[in-house]
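Novice: Top to bottom, those sequences are chains A and B.
Under the numbering used here, the residues of the first sequence are numbered 30 to 203, in order.
Under the numbering used here, the residues of the second sequence are numbered 363 to 468, in order.
There's no promise every hint is true.
[Claimed, not checked] Okay, derived cross-link-like pairs now, DSS-like style, lysine-lysine, Cα gap no bigger than 30 Å in a straight line:
(1) A/K199 x B/K368
(2) A/K86 x B/K395
(3) B/K395 x A/K199
(4) A/K180 x A/K112
(5) B/K404 x B/K391
(6) A/K58 x A/K180
(7) A/K121 x A/K152
(8) A/K118 x A/K31
(9) A/K112 x A/K201
(10) B/K391 x A/K180
(11) A/K86 x B/K391
(12) A/K118 x B/K368
(13) A/K58 x B/K368
(14) B/K404 x A/K199
(15) A/K180 x B/K395
(16) B/K404 x A/K118
(17) A/K58 x A/K112
(18) A/K31 x A/K121
(19) A/K201 x B/K464
(20) A/K58 x A/K86
(21) A/K152 x A/K31
(22) A/K112 x B/K404
(23) B/K464 x A/K121
(24) A/K152 x B/K391
(25) B/K464 x A/K58
(26) A/K31 x A/K112
(27) A/K201 x B/K368
Read the hints as simulated data drawn from the structure, not as lab findings.
What you are looking at is a predicted structure, and each value in this text was computed from that prediction instead of being measured.
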Amino acid sequence: MKEYFIKSLPVATGYLTLGLTYGILFQAKGGSPFEALLIATFCFAGAAQFIALEFYKADYSWTFLFITIFTLNLRHIFYVLNKIGLFQKNWKRTYLLMALTDENYGMMSFYDEVNFTNNEWFKVFALNHFYWILGCVAGSMAPATVIEMSKGAEFSLIALFIVIFAANMKRKKI
Amino acid sequence: MTITEKIAFTLILIVSTQLTRLLPLIFQKSFSKFFAHKFFKKNLTDLIIFFLIVYCYRDFSTNPEYIIRVAVGVYAFAIHYLFERTLLSIFSATAIYMTLLKFIAS
């Protein structure tokens, strides 16, 4: 277990802090910890969850929300097509592909030389998933003083997009 | 928000996200063919992210808050381009933005 824990550490710091930020913003918009738990568990997509916060108000457009989130997550198609060959065909593969976030994809690419089976990746992914849920739920239950202190924390969303963009630009050597 | 809207919000979020991961699994062959096109492979992600950044900066104005947001955005891009430390870029930029916000408020 220790090996998987160490593998998940770089993602852990990111997920816990980003998750906390998400939870705090979600609470500030009027969301409950239970909703945060559901969304973090079954949606499990950082950028999408953040951008969806903009819709979390009365009379939002259902269609527009769907189109926005679907378009934003189109990149997952490439992630799935890229990594699908590395997994054996069993039920754990379905989970692994459904949990293939930016960070998990990045982590898999980082441990390029590691020849993990589904079972081993499953443990690492489950740990990462757990950090994200923990961060989101803890943030959504944070006391009011924390919310007051965290004014401006929503910039982390813009920073996240800029960082993804900068990383892609650098990879293309522009 | 009504309870229906809350339930719909959660469901739409889950379905629209997981569809992008399940569709290529179900229609693996046709998706591999369609998205093997060079343009998609190269530019689609960048385009989406670029439009998202534009979306975040859509409320154009000359008030100090907006100028700070642009300046810190440029900082985040530069620092990530130079050091490629995701956490450093995101959290130093956010910390600077939060500090500057408190500074102009006082």
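Novice: Verify the proposed pairing of B/K404 with B/K391, using a straight-line Cα cut of 30 Å.
Specialist: Distance ~20 Å between B/K404 and B/K391 Cα, so the pair holds.
Novice: Going straight from one Cα to the other, do A/K180 and B/K395 come out at no more than 30 Å?
Specialist: Answer violated: A/K180 to B/K395 is near 46 Å, above 30 Å.
Novice: Sort out whether A/K31 lies within 30 Å of A/K152, counting only the CA atoms.
Specialist: Answer holds: A/K152 to A/K31 is near 11 Å, not above 30 Å.
Novice: Checking one constraint from the list: CA of A/K86 to CA of B/K395, max 30 Å. Satisfied?
Specialist: Violated - the C-alpha atoms of B/K395 and A/K86 are around 40 Å apart, more than 30 Å.
Novice: Decide if the proposed pair is consistent with the structure: A/K118 and A/K31, CA atoms, cutoff 30 Å inclusive.
Specialist: holds, 26 Å
Novice: Compare the distance between the alpha carbons of A/K58 and A/K180 with 30 Å, and conclude whether the hinted pair is satisfied.
Specialist: Given pair A/K58, A/K180 holds - Cα atoms ~13 Å apart, limit 30 Å.
Novice: Would the pair A/K201 and B/K464 pass a check requiring their Cα atoms to be no farther apart than 30 Å?
Specialist: Answer violated: A/K201 to B/K464 is near 37 Å, above 30 Å.
Novice: Are the Cα positions of A/K112 and B/K404 separated by 30 Å at most?
Specialist: holds, 17 Å
Novice: Holds or violated: A/K58 and A/K86, Cα atoms, limit 30 Å.
Specialist: holds, 8 Å
Novice: B/K395 and A/K199 were given as a pair; does the straight-line alpha-carbon distance stay at or below 30 Å?
Specialist: Status holds; Cα separation ~27 Å.
Novice: Next pair to validate is B/K464 with A/K58; report whether the Cα-Cα distance is within 30 Å.
Specialist: holds, 21 Å
Novice: CA of B/K464 to CA of A/K121, is that 30 Å or under?
Specialist: With Cα atoms ~47 Å apart, B/K464 and A/K121 exceed 30 Å; violated.
The structure fails to meet hints 1, 2, 4, 10, 11, 12, 15, 17, 19, 23 and 27 from the earlier list, while all remaining hints are met.
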